[in-house]
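Residue-level listing of the chains:
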Amino acid sequence: MATLTPASFDVESLRKDFPLLARTVHGRPLVYLDSASSSLQPRQVLVAMEHYYETCHANVHRGVYTTAEEATALYEGARVSVGRFIGAPDPEREIVFVKNATEALNLVARSFGTANLRRGDKVLLTELEHHANLVPWLMLSEQLGIELRYLAVDPDGRLDLSDLDRKLDGVKVVAISAMSNVLGTIPPLREITDAAHAAGALVVADGAQVVPHVPVDVQALGVDFLAFSAHKMHGPTGIGALWARAELLDSMPPFLGGGGMILDVRLDRFVPADPPHRFEAGTPPIAEAVGFAAAVDYLGNLGMARVRAHEEQLTEYAISAIADRLGSDCRVFGPPAGPDRGGVLSLGFRDIHPHDLAQVLDQHGVCVRPGHHCAKPLMRVLGVTATARASIGTYNDEQDIDTLIEGLTEAGRLFS
Amino acid sequence: MTDLEDLYREIILDHYRSPRNRGELESPPALRVEGFNPLCGDEIVLTLLVDDDRVADIKFAGSGCSISQSSASLMSSAVKGKTLAEVRGLIRTFKSMMSIHEASLDPAGSGGGEESTPDGSHDDHDGSAGGSAGGSAEPEDGLADVRRLGELAALQGVVKFPVRIKCATLGWNALAQALDEIEA
Numbered sequence: 001m002a003t004l005t006p007a008s009f010d011v012e013s014l015r016k017d018f019p020l021l022a023r024t025v026h027g028r029p030l031v032y033l034d035s036a037s038s039s040l041q042p043r044q045v046l047v048a049m050e051h052y053y054e055t056c057h058a059n060v061h062r063g064v065y066t067t068a069e070e071a072t073a074l075y076e077g078a079r080v081s082v083g084r085f086i087g088a089p090d091p092e093r094e095i096v097f098v099k100n101a102t103e104a105l106n107l108v109a110r111s112f113g114t115a116n117l118r119r120g121d122k123v124l125l126t127e128l129e130h131h132a133n134l135v136p137w138l139m140l141s142e143q144l145g146i147e148l149r150y151l152a153v154d155p156d157g158r159l160d161l162s163d164l165d166r167k168l169d170g171v172k173v174v175a176i177s178a179m180s181n182v183l184g185t186i187p188p189l190r191e192i193t194d195a196a197h198a199a200g201a202l203v204v205a206d207g208a209q210v211v212p213h214v215p216v217d218v219q220a221l222g223v224d225f226l227a228f229s230a231h232k233m234h235g236p237t238g239i240g241a242l243w244a245r246a247e248l249l250d251s252m253p254p255f256l257g258g259g260g261m262i263l264d265v266r267l268d269r270f271v272p273a274d275p276p277h278r279f280e281a282g283t284p285p286i287a288e289a290v291g292f293a294a295a296v297d298y299l300g301n302l303g304m305a306r307v308r309a310h311e312e313q314l315t316e317y318a319i320s321a322i323a324d325r326l327g328s329d330c331r332v333f334g335p336p337a338g339p340d341r342g343g344v345l346s347l348g349f350r351d352i353h354p355h356d357l358a359q360v361l362d363q364h365g366v367c368v369r370p371g372h373h374c375a376k377p378l379m380r381v382l383g384v385t386a387t388a389r390a391s392i393g394t395y396n397d398e399q400d401i402d403t404l405i406e407g408l409t410e411a412g413r414l415f416s
Numbered sequence: 001m002t003d004l005e006d007l008y009r010e011i012i013l014d015h016y017r018s019p020r021n022r023g024e025l026e027s028p029p030a031l032r033v034e035g036f037n038p039l040c041g042d043e044i045v046l047t048l049l050v051d052d053d054r055v056a057d058i059k060f061a062g063s064g065c066s067i068s069q070s071s072a073s074l075m076s077s078a079v080k081g082k083t084l085a086e087v088r089g090l091i092r093t094f095k096s097m098m099s100i101h102e103a104s105l106d107p108a109g110s111g112g113g114e115e116s117t118p119d120g121s122h123d124d125h126d127g128s129a130g131g132s133a134g135g136s137a138e139p140e141d142g143l144a145d146v147r148r149l150g151e152l153a154a155l156q157g158v159v160k161f162p163v164r165i166k167c168a169t170l171g172w173n174a175l176a177q178a179l180d181e182i183e184a
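Which chain is which? The protein sequence lines are H and W, in order. Residue numbers 1 to 416, in our numbering, belong to the letters of the first sequence in order. Residue numbers 1 to 184, in our numbering, belong to the letters of the second sequence in order.
Careful: at least some of the hints might be erroneous.
What the hints assert, rightly or not - From the derived model, a few chain H residues whose C-beta atoms are all more than 12 Å from chain W:
(1) Val-80
(2) Arg-149
(3) Tyr-150
(4) Asp-163
(5) Leu-267
(6) Met-304
(7) Arg-380
(8) Ala-386
(9) Asp-397
(10) Phe-415
Claimed, not checked - Below, simulated DSS-like cross-link-like pairs (lysine-lysine); rule was C-alpha separation at most 30 Å, straight line:
(11) W/Lys-59 with H/Lys-376
(12) W/Lys-80 with W/Lys-160
(13) H/Lys-376 with W/Lys-80
(14) W/Lys-82 with W/Lys-59
(15) H/Lys-172 with H/Lys-16
(16) H/Lys-16 with H/Lys-122
Keep in mind that the hints were calculated from the coordinates and are not lab data. Just so you know, these numbers come straight off a predicted model, no measurement behind them. The beta-carbon is built from N, C-alpha and C at its ideal position, and this holds for glycine as well.
Hey, can you work out the whole structure from these sequences and the hints?
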């Protein structure tokens, strides 16, 4: 790691790539600390999408004219870029473009779940799941009568794995967040995956938070499914990806029906296309796929190991600066800084409501998200209704954290 | 006065720090209704004792931000002792204040364009004002009404922060629901 020190990561020059960071709000420079919600886009991504629309927009997989061929090549090329970014061994067959990580997880629950799970079958989740990796399974539970089990969260915000083997007994699917969007917790996924496979279960990983911030290799992790969203990794909204092992996708029935996902249609039956197109009904988000590819190129050029080193160092700075300057007034939920923690800082400041904190912070130009972060069961475990969440991205620096702390101090004065 | 001072006026902070009528009345005989803000998870429990067509007593409980708590506290003080018809009128006036367009309160437009929010965020908080937002005659009537609100008028700074309107109306929507149940 010696060559990957944060010093070699030039944040000040990188910030110039993001037009929105030049904006002021309430006369203050924008301090964007909401990347866990959605990240900002570098000019490279915006230019790629504009260039696509200006030079070769056409529907994909349909026309034989030149621009249609070019659009198809860009769309299928994006599939390969996105797949390679997460170490997919066979990206042409294994990456399904979807709307976002939420749709990817719904696809797995609906298609794989409905085809493979029966009444009484067991699915193992965790208490720290985002609603996106919880509600689809709850829906399936209502529909099929499957049983849901949960790994508990310990007081540090880590998963309690002490009874993992017992909880895995009889489980067919483990669906788990690879990084908590509330606590930043990065569970030991390889360990869990090995135990799950030994117990005969497949592993669905919600990668929405981890893929943008940590080097991910699906083969090293050993997971069977990985869901993620482009807009959290400097790409556009409206597109995400599901990666799954090719033989799993081959075995799964279609999710949505329509054009583009069939081999043949008659009035009384249809034959679905092969994956990944089987799962991409209708005209896909083509420009967004081009933007997604530009985003993974951007991150690839930065180097994910360097991105992670920078963000880990900044997370450590933030946690210790908050403790030094705000003391016991400010609580940071989740594990201490370290390799098993991402840059998601859920804050509680005295008894001031997160909405009020976020409102005062906005006056300082600081963007944080107040609320339950689509993880209401976890909020109940933490004993709060909401937190104010500051989350770190590639473009954040120590000055952003200092401004956050100034804003919190100001909120403390106002509500004292 | 900055926008933030306009939002967090002294009366609001006072009601937040020292809420009036906090707690729960025994139910029954009191009527009990709950309100939720799914955006932030805030909730309110309103208990209301009606005697001879008047609000004899009212209490609120639950958790929430300074705006939702102070609004509920101000509301409870304002409606106690009032007839149900007067309470209806107050709800109408308050909710119309919450839907007055920003421009009519701030003709100088001191915030400039950069803080403007999509109009859509006004749409779903209020069923009673019937599209008054942005209308030309309505805000004038609204402002005249606002003067009759007394201390409650302190909450008018909230309309500059459309996301917070749901916080301010949380208790009021619960109160309106209670009246609907009484008069059903």
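query: Quick check: which numbered hints come out false for this structure?
result: 7, 8, 10, 13, 15 and 16
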